[in-house]
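> Sequence:
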Amino acid sequence: MPRKSRITLKEIEHLAWLARVQLTKREKRLFKEQLSSILEYFDKLDEANVEELPPTFHVVEHYNVFREDEPRPFPSDIVLKNPPKMKGRFIKAPRIV
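Throughout the sequence shown, residue numbering follows this note's numbering, covering 35 to 131 in sequence.
One or more hints might be untrue.
[Said to hold, decoys possible] Computed spacing ranges between beta-carbons, pair by pair:
1) R129 x F91: 42 to 48 Å
2) Y97 x K59: 47 to 53 Å
3) L49 x F91: 28 to 34 Å
4) K126 x E102: 28 to 34 Å
5) Q68 x E95: 40 to 46 Å
Everything labelled a hint here was simulated from the structure, so no lab data went into it. On a predicted model such as this, the values are computed, not experimentally measured, just so you know. For each residue, glycine too, the CB sits at the ideal point set by N, CA and C.
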């Protein structure tokens, strides 16, 4: 038995227009099938019984995994080898107005 599609060709054409892409008739049918199958999967997810589960705000318990920013010495002669323009011992950058 064929599945009932939840999305119409007109909606596919509208999505293509929003994305500024040209689709052939074959591509429209293909995307209609694919998007319908994705929406069916969302229906299956809606059926899951999650009432007993506590709400989850973060999937993992890591909140800030960044290291502390600690300054460390860096030899200026190495730093001054890379800039494209120098003026004396300073790095010359274009004017930004």
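> Give a verdict on every hint.
Hints, verified against the model:
Evaluation of the 42 to 48 Å hint for R129 and F91 yields a pass: the beta carbon distance comes to about 46 Å. Between Y97 and K59 the beta carbons are some 50 Å apart, a value that agrees with the proposed interval 47 to 53 Å. Taking 28 to 34 Å as the suggested C-beta distance range, the pair L49 and F91 conforms, at roughly 31 Å. Judged by the Cβ atoms, the range 28 to 34 Å given for K126 and E102 holds: they are separated by roughly 33 Å.
Distance hint for Q68 and E95: a CB-CB separation of about 35 Å, inconsistent with the stated range 40 to 46 Å.
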